[in-house]
Amino acid sequence: MRIELDRPRCEGHGLCEEAAPLLMHLDDDGELVIDVPKVDGTDLDAAKAAVRVCPVAALRLAER
Amino acid sequence: MRRIVVVGNGIAGLTACDSLRSAGFDGELTVVGAEAHHPYSRPALSKALLHDDDGLTAHELPEPTHEATELLGVSAAGLDPDARIVQLDTGDELPYDGLVIASGSRARRLAAGPRHDGSSRELTLRTIEDAVTLKQRVAARPSVIVVGGGPLGMEAASGCLHLGCEVTLVSDAKPLSRQLGDHLSDMFTAAAARRGLRFVSGGRARLVDTGAGTRVALANGTELETELVVTAVGDEPNIDWLAGSGLLVDGALRADSRGRVRPDIVAAGDVTLFPTRRGLVRVPLWTSAIDQARAAAAGLLHGDAAPELDFQPYFWTEGFGLSLKSIGFTPVAGAPDYCEPGADPESVLMRWADEDGSGTAAAVNYRIPIPKLRRLANTGPETICPAEAATL
Chain A
2 MRIELDRPRC EGHGLCEEAA PLLMHLDDDG ELVIDVPKVD GTDLDAAKAA VRVCPVAALR
62 LAER
Chain B
165 MRRIVVVGNG IAGLTACDSL RSAGFDGELT VVGAEAHHPY SRPALSKALL HDDDGLTAHE
225 LPEPTHEATE LLGVSAAGLD PDARIVQLDT GDELPYDGLV IASGSRARRL AAGPRHDGSS
285 RELTLRTIED AVTLKQRVAA RPSVIVVGGG PLGMEAASGC LHLGCEVTLV SDAKPLSRQL
345 GDHLSDMFTA AAARRGLRFV SGGRARLVDT GAGTRVALAN GTELETELVV TAVGDEPNID
405 WLAGSGLLVD GALRADSRGR VRPDIVAAGD VTLFPTRRGL VRVPLWTSAI DQARAAAAGL
465 LHGDAAPELD FQPYFWTEGF GLSLKSIGFT PVAGAPDYCE PGADPESVLM RWADEDGSGT
525 AAAVNYRIPI PKLRRLANTG PETICPAEAA TL
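Residue numbers (my numbering), protein chains in the order written: chain A, 2 to 65; chain B, 165 to 556.
Wrong hints could be hidden among the right ones.
[As the list claims (entries may be wrong)] Label pairs and their computed distance ranges (CB to CB): (1) A:3 x B:387: 54 to 64 Å; (2) B:200 x A:7: 18 to 28 Å; (3) A:34 x B:246: 30 to 40 Å; (4) A:46 x B:200: 21 to 31 Å; (5) A:45 x B:404: 34 to 44 Å; (6) A:34 x B:519: 45 to 55 Å; (7) B:201 x A:7: 12 to 22 Å.
None of these hints come from the bench; they were simulated from the model. Note that CB positions come from ideal geometry on N, CA and C, so glycine has one too.
Extracted from the complex, chain B is given alone in its bound form:
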C-alpha cells in the first residue's frame, strides 16, 4: 500500500494518520479536511463559553506530526471505490490504495434552512466558529432557549446560565435520561433546577419566525418567546459524498470490528456504525473516535491480522456544578448497585452491574484515577477497595 487518503481531519482522521505512521506506514499520506483548521477538541468547545478572557484555546491540539499532505477547507464530493478515486469539491481527484473515511458528522438543525435574509434561526455548537458566535451572542446576556436535553444541550444551558442569561431548556424527555438513565438524569436536573434552569416539555419543537426573532413552538401548543435559540438535537453523519459509492447499507455506513468497510476502505469516528457489545451503533464521542481510528488504521494495514476493537465507552460531561465521568455503556437502569459517597455532599462513586458480569461505573464530583474507574466498571468494587467492599 503506497498511497493512503484520509477523508476527515477531526480527531478520528488525525488519530488514523498518527496510527498509520506509528504502525510503520511511510508511504504517501493525504488528509482532506472540510474545516479550514488543524484538528481541535470538540468536547472543549462547550466549556469555552465559560471563559471570559481569550478562552478559546482549550480546544487547541498540538500541531500534527504525521507529515501528511493536508488539504484544508476542502471536502470530498464523491467516491469511486472500484477505480479507487476520491473526488473533491475543488474538482480534483485523489487516487488511493487505501482509504480512511473519517468525515464525521454535523449538527442536526430544527429549521430546514436559513431565513430569507440568510440569517440563521438557531445557533448550534459543533465547530469552533459555532463556539465563537455563541460566545459573542451570549455576551449581551440575552434570554436563551436551548432545545435538546442531551449532554451538549445541558452543557450549553449550564454555560449560558453561568454567564447570567435567563435560560429555558426545552426537552421532550427528562434531560440526560435517554443518554445516561434516570438516576444520573435526576442528579443533573436537580442541580440545574437549583441554579435556576427552567424546564419545558411539550412534544416536538419547531422554530417559528416572528418579526423580531424566533419563537419556539411545541407540539402541545406551547409557544415560547426568546432572544436566542440554541439547538442541540443530535448530529447527522457526513455521508452525502458516499451516496453514489455503493458503500452505504440502508443509508448508513457500516464498519466491521477492525474498522473495515471493505478490504481497502476503513471508517472511523462519528461517520460510521460499528459493532459493539450493544449492537451495531454510531457512538459520536471523543474516545470512540480515537479507539475506532486506531483499530481502523491497523485494519487497513494488516487486515485480519489486526486486533478486533472491543469498545468500552468513556464519557464525561460537566454542568451546574457537577462533573461526571463514566466508563461502560449507558443509559443505566435504576439506582446503582454500589454507591460510595465522597468528601463533599454532591460527590459520589457508583456502579451498575450488567448481566454479563461487567458494569458501568460513574464518578460525580469524585476525583478518581480513570484506570481505577475502569476496574470498578469491569470487575466491581472488590477490586478497588477490598476493605469497604467487605462491609457491604
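Chain A with its partners taken away, still in its complex shape:
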C-alpha cells in the first residue's frame, strides 16, 4: 500500500505524525513530509491509524 497526501487539504494538525512517527513528520514549517510512502506488514497498522486520525481526511492509503 502507498500513503498519499492531499497537500492543499492538510492543515498541519500532526495527529498522523503522532500515530505513525516512523512514517511521516511535520517539518519546521509545519508541512507534512511522508518519509515512508510504501508500507506493508507492521507499518501498515501505523499507516492506517495515521490515515484515520486526520480530521480533514488529507491522507489516504492506495493500492500498489
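On the provided structure of chain A, position chain B as indicated by the hints.
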C-alpha cells in the same frame, strides 16, 4: 471475550473498533450507528460551508477496515448489563461479552420542539445533514443570527459572514472566553469585528415565532429579527438508552482512567465523563474521542494491565482569518507568559504556565509542527528555541 458490541459509529466508535483489532481481538465485532453513514469528520463540517463547489468531501474518512458487522441507521434503545444484552430500536437484541459505549452527543437546541407544521425554528451544526441544510439556506444570503459564542458558533458565524451574509452573534459571555480565556477571546472578537460581525448580548436567548419566521428574544428585553437562526449552544450526551441500565451516576455516564464503566463495559467520546487533570469532565473534541477510544479498547481487553489515559487536550478552530491550534487545558487566565511573534502581524506563538510546571501552548496563524507545540506546552520555550529563550 468472543463478542464485542460497539454502540456508536462516530470517530470514538470507529477508533475503538480499529484499536480492538490492532490489539489482536479477532472475535465477533458489531458496531451500531444511529447515523446512516460511515463515520465522518465532524470538525470538518463547519468548514464545509465555505466551499462553493462540491465542498462536502473534506469530512469523508477512509472506508473502515475493522471488518465489524455494521448496523447503520440503527440506535440502541436499552441495555441490560446483567444479562449483557443491548436492545435496539428495531426490536432486535445484541448479546455481548464486552461493550463499548460511544453513542456520542447531540446538539442542544433552544426551542423545545419544531413548529406546529413540523419545520424547525433553528438550524444546528452537528451532522452532515445539518451541514448540507445550512449550506443550502445560506446560499440565498439571508440575514443570520448565530446564538452561542463557543468555537462552533464562531466558526458558523465566520462561514456565513464569509459567504456574504449579514451576521449577528448572540452570546451571553464574551465569545470564546469561557472555552479559551480572555486573551484568545480578544484576538478572535477583534478579528471578527473587523470583518463586520455584529455582537449582541442580553442574557438568555429564546426563540419566538413570528408570522414569517423566528425572532430571537433576550432576557433583557432585546428582540432581534432575522431570516435564519443558527444555534450552537452546546451538546447533550446520548445517554437516554442507558436510563434503565443502572450505569448512570447523577444522570451522567462516568468512565475510569482506562475507559471502564465496569469490567465488561467501557465508554469513550462525547457521551462520557472521564478523569483528567482538571477533574471528571466531558471533553467533546475530536482528539479526546480518539484518545479515550484507544484507552477504552485496551481497558476492555486487558483490564488493569492497560495503560491509564493521561489526557492532554489538542484543540483547533478557524475563523475571521485566524487559525488557532492549542495544546493543554483551556481556558487560560490572563496574558501569556511567553509570546513570540511570527512572520505576519497576526501570527503569534504563546504559552501560559500552569502551577504544576506544565502549561498550555497556542499558535495563532503560526505554522509549527504539533510535536514542537506539545513540547512548548509541556516543558516551556527553552526546549524549542534555546537561543531566543536565553534572551527573555
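Quick rundown of the hints versus the structure:
no., hint, result
1, A:3 x B:387: 54 to 64 Å, "58 Å, holds"
2, B:200 x A:7: 18 to 28 Å, "26 Å, holds"
3, A:34 x B:246: 30 to 40 Å, "52 Å, violated"
4, A:46 x B:200: 21 to 31 Å, "29 Å, holds"
5, A:45 x B:404: 34 to 44 Å, "39 Å, holds"
6, A:34 x B:519: 45 to 55 Å, "37 Å, violated"
7, B:201 x A:7: 12 to 22 Å, "20 Å, holds"
Hints 3 and 6, counting from the list given before, are not met by this structure.
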